[in-house]
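Numbering (the numbering used here), first residue to last: 1 to 737.
FYI, nobody ran anything at the bench for these hints, they're computed from the structure. Just to be clear, a hint being listed does not mean it is correct.
The calculated label-pair distances, taken between Cβ atoms and stated as ranges, are [as the list claims (entries may be wrong)]:
hint : residue 1 : residue 2 : range
1    : R444      : D731      : 42 to 48 Å
2    : R719      : I145      : 33 to 39 Å
3    : R444      : H507      : 37 to 43 Å
4    : D242      : I145      : 19 to 25 Å
5    : E395      : S374      : 26 to 32 Å
6    : T360      : E466      : 22 to 28 Å
7    : T188      : F424      : 37 to 43 Å
8    : N246      : S408      : 17 to 23 Å
9    : N246      : S374      : 26 to 32 Å
10   : S245      : P445      : 29 to 35 Å
11   : S698      : R719      : 18 to 24 Å
12   : S111      : H192      : 23 to 29 Å
13   : P677      : H507      : 16 to 22 Å
Straight-line Cα separation of at most 16 Å, EDC-like style, residue types lysine to aspartate or glutamate; simulated pairs [stated by the list, open to error]:
hint : residue 1 : residue 2
14   : K504      : D349
15   : K346      : E450
16   : K649      : D249
17   : K340      : D498
18   : K471      : E104
19   : K399      : E387
20   : K524      : E514
21   : K346      : D436
22   : K346      : D498
23   : K346      : D289
24   : K672      : E701
25   : K504      : E514
26   : K458      : D301
27   : K340      : D289
28   : K458      : E390
29   : K696      : E563
30   : K107      : E470
31   : K462      : D301
32   : K696      : D558
33   : K219      : E640
34   : K591      : E162
35   : K452      : E395
36   : K471      : D301
37   : K459      : E387
38   : K121      : D191
39   : K121      : E45
40   : K108      : E181
The beta-carbon is built from N, C-alpha and C at its ideal position, and this holds for glycine as well.
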Amino acid sequence: MALHTPPPFLLRPATLAMAICLLVNACKSNKSESSNGETAPVRVESLHRNNLSQSNDTSSFVQSQVHSPVHWQAWSPQVFTDAESEKTTVFAVIGSGTDSHSREILKKINSSQSLCNTLNKVHTNILVDANQHPDLAFLVAALNINTGNTVTGTMLVWLSYEGVPISWASVSNHESINLQEVITRMSTTVDHLWQDDPNYVLKNSREDLARRLEMFTPKLPETEPNPLLNLRASRQAGSMFDPVSNTVDYLAGLSVSRYIHFMTMASTHPDVSEQQRKNFMKIATRSADNILLGGLVDPLDGGVFSGVQQSTEGLPVFTKTLEAQSSAMQALYALYQQTKNPVYRKAADAATAYLETNLTLPDGGYALGKTYASHGIQDNPCIWTLEEIEAALTEEETKLCVQAFEISGLGNIPLIDDRNRSYFRKNILSWRVPIDRLATLTGRPVGELETKMESITKKLAKLRTEKTGEKISETLSTATDSAAVASAYVTAYRATGDPAHLEKARHCLGIIQEQFVTADGELKRARYNGQLLNAPALAIDYASICQAALDLHEATLDARWLEWATELHRQMNRQFANADFTDLVETQEGKNPRTLTIRNYITLNPLNNRSTWAIAYSNARRLALRLPGSNYSNQADQIEQRIQAISAKAPLANIDYLTADARLQQKSIYLKSPVSPALLSAAISQPAQVIAVTAKGSYPELEKTSTTLKPGQAVVIQRGQNLRVVSNPQDLDNFSQ
Numbered sequence: 001m002a003l004h005t006p007p008p009f010l011l012r013p014a015t016l017a018m019a020i021c022l023l024v025n026a027c028k029s030n031k032s033e034s035s036n037g038e039t040a041p042v043r044v045e046s047l048h049r050n051n052l053s054q055s056n057d058t059s060s061f062v063q064s065q066v067h068s069p070v071h072w073q074a075w076s077p078q079v080f081t082d083a084e085s086e087k088t089t090v091f092a093v094i095g096s097g098t099d100s101h102s103r104e105i106l107k108k109i110n111s112s113q114s115l116c117n118t119l120n121k122v123h124t125n126i127l128v129d130a131n132q133h134p135d136l137a138f139l140v141a142a143l144n145i146n147t148g149n150t151v152t153g154t155m156l157v158w159l160s161y162e163g164v165p166i167s168w169a170s171v172s173n174h175e176s177i178n179l180q181e182v183i184t185r186m187s188t189t190v191d192h193l194w195q196d197d198p199n200y201v202l203k204n205s206r207e208d209l210a211r212r213l214e215m216f217t218p219k220l221p222e223t224e225p226n227p228l229l230n231l232r233a234s235r236q237a238g239s240m241f242d243p244v245s246n247t248v249d250y251l252a253g254l255s256v257s258r259y260i261h262f263m264t265m266a267s268t269h270p271d272v273s274e275q276q277r278k279n280f281m282k283i284a285t286r287s288a289d290n291i292l293l294g295g296l297v298d299p300l301d302g303g304v305f306s307g308v309q310q311s312t313e314g315l316p317v318f319t320k321t322l323e324a325q326s327s328a329m330q331a332l333y334a335l336y337q338q339t340k341n342p343v344y345r346k347a348a349d350a351a352t353a354y355l356e357t358n359l360t361l362p363d364g365g366y367a368l369g370k371t372y373a374s375h376g377i378q379d380n381p382c383i384w385t386l387e388e389i390e391a392a393l394t395e396e397e398t399k400l401c402v403q404a405f406e407i408s409g410l411g412n413i414p415l416i417d418d419r420n421r422s423y424f425r426k427n428i429l430s431w432r433v434p435i436d437r438l439a440t441l442t443g444r445p446v447g448e449l450e451t452k453m454e455s456i457t458k459k460l461a462k463l464r465t466e467k468t469g470e471k472i473s474e475t476l477s478t479a480t481d482s483a484a485v486a487s488a489y490v491t492a493y494r495a496t497g498d499p500a501h502l503e504k505a506r507h508c509l510g511i512i513q514e515q516f517v518t519a520d521g522e523l524k525r526a527r528y529n530g531q532l533l534n535a536p537a538l539a540i541d542y543a544s545i546c547q548a549a550l551d552l553h554e555a556t557l558d559a560r561w562l563e564w565a566t567e568l569h570r571q572m573n574r575q576f577a578n579a580d581f582t583d584l585v586e587t588q589e590g591k592n593p594r595t596l597t598i599r600n601y602i603t604l605n606p607l608n609n610r611s612t613w614a615i616a617y618s619n620a621r622r623l624a625l626r627l628p629g630s631n632y633s634n635q636a637d638q639i640e641q642r643i644q645a646i647s648a649k650a651p652l653a654n655i656d657y658l659t660a661d662a663r664l665q666q667k668s669i670y671l672k673s674p675v676s677p678a679l680l681s682a683a684i685s686q687p688a689q690v691i692a693v694t695a696k697g698s699y700p701e702l703e704k705t706s707t708t709l710k711p712g713q714a715v716v717i718q719r720g721q722n723l724r725v726v727s728n729p730q731d732l733d734n735f736s737q
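Start from the sequences, fold in the hints, and give me the full structure.
Spelled out as structure tokens, the structure:
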């Protein structure tokens, strides 16, 4: 029995009242169904005060609510045990410090004394940071999508004390939403049903969740998938790019950087035609030029905004997350590797510099992001009027600025992103006109314009720091996001050959080993203010770090990274997989109430989450090329059989799998140790899997070709065919061309 609301922005007082009335009548049970032998409620004092300051499960987002009048608790099985003692339902808000609206929604809750009183009276209240508990965010987002609700960065869920969702909703900070009314009426409805017959609510919510979890469980397809399915899915994803508007349909919160990287990797698939390869690259470059560089890259500091507020890059979300920077680095450096266009390297270097300057913590780790906040949407420091710019710059500088950023006295935010004209006469600064086109328009040399624009952006950056508003940092650090940075640095090294990137990748993984692993060898998920938090790592943490370690092993051939990757994969399987590798859950038993079995097997676009199943699949395939035993191949086969078919219906939901598959189809370069630095450098500069051949390893692909390598030699293999054995870097470079 799930009480789910329509999308909150569609709720109006009259229709909401009607919906509540219908829900009560539909779910009201017969009293005779309840048992009469229940124990009396026992008051638990800790539930009747705000306990966030006492919790180890904390972050900047959580700490911002320690003085809230709501009696917030941190998510833990103990809270549900206490709620069972009191015989109350649980109300949870799922938000994050990297969502621009989560704090505003909490401010609205705090500002209503009557709403706070209602919540404190009828529920046990839990505040959940989605960055710490992405598994819970995934589950509630999936429930919202399943029931037709629009998913935003802040979600509400009402649960039984067993941890079973009863009702859920997703809310935004839109002015038209009466948040107090939405929460009050749903809380009142849930409480009335609970008081009427708690056993009925417990029983039916259990059954409803079981049905939905069954729907969310990947299964074997009824028929064998078409061997061309992945290529067709990649072409389908490519067709989502609209060449007229230069936008990508159906992203809905998914990072455009991930889409660009997907298209770039798809272009390297050996089975694509030359025409299709060019088409994939055209989509990747136009998406990068128009959406990423021309919209989401902040010209004042080079950082990348995390997404769009409405429909296009014309109105970005004013948050720069660690994920946005690492994804942009991954996409742009890979694009540079394929095109050698210096524009992409320059933009990737700028995102890297922003990450290192603004998101690096004193202990060497990485904060999750920074948000530009303001009291009113028009007061955001990232919003500009033409008059502000004219006052800050010379007449010549203003003219250049107006041309480069397409500044207008009436504003430059597209109507599709500002239907109610909240941003009338307001402008966003973004590279609407690339520097080479600006040179053509002005008749001035590119070098001269670059110097001028650098001076202009420095002046405006200084002015932005003086404007009203608040820059909010989320200084929580997570293992998964740190691993993504390491992988991005490896991509940067392979694309540019700059050894500084390689050292930074080593540093990232070294930080994880030093700061996220306990003395007993247990991996934890997060750190805050220099302290390791108690929450155990999730499956996504093990998979992501394993992937980064494999990336670094390929770039260095250092066996220690392969050994660590192998151990991480084994630990993940011991804790989260079943014996025959047909299942992979996200959390350890005991972290959540027993009923919450969560499988992170797809990407939900509004969450922009990474798929544990897809990354584990890729890791297993890569390990199978290097290590003895059939377990790795078996696991990869089992995962692939269950998630591949998703690509046919929703390729973007399977973006991690399709990106990984394209990479796995690239040629393999086997290097017999010891290898000269020059030969290794030539190998890693290519879109290929680089595999060190040692006495300890097992190389089934190599063995099938009956190839014998001498120390210092390399062989290129694709689809089981020995393409060539080489001994010097020049031969390898010539072969790739």
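Is 18 to 24 Å respected by the C-beta to C-beta distance linking S698 and R719? Because 20 Å falls inside the window, the suggested range holds.
Next pair to validate is K524 with E514; report whether the Cα-Cα distance is within 16 Å. holds (11 Å)
Take the C-alpha atoms of K672 and E701, compute the straight-line distance between them, and say whether it is at most 16 Å. holds (14 Å)
Are K458 and D301 close enough, with their CA atoms no more than 16 Å apart? Status holds; Cα separation ~8 Å.
Has the given pair, K107 with E470, been kept, meaning a C-alpha gap of at most 16 Å? holds (15 Å)
Cβ-Cβ distance between T360 and E466: within 22 to 28 Å? With a Cβ separation near 24 Å, T360 and E466 satisfy 22 to 28 Å, so the hint holds.
Given the hinted pair K591 and E162, is their Cα-Cα distance within 16 Å? holds (13 Å)
Does the Cβ distance between P677 and H507 fall inside 16 to 22 Å? holds (20 Å)
Between R719 and I145, is the Cβ distance one that fits in 33 to 39 Å? Since the Cβ atoms of R719 and I145 sit about 38 Å apart, the hinted range of 33 to 39 Å holds.
Holds or violated: K346 to D436, with C-alpha atoms at most 16 Å apart: holds (14 Å)
Given hint E181 paired with K108 - CA-CA distance at most 16 Å: holds (11 Å)
Need the status of pair K696, E563: alpha-carbon distance at most 16 Å? Holds, at about 11 Å.
In this structure, none of the earlier numbered hints is contradicted; all agree with it.
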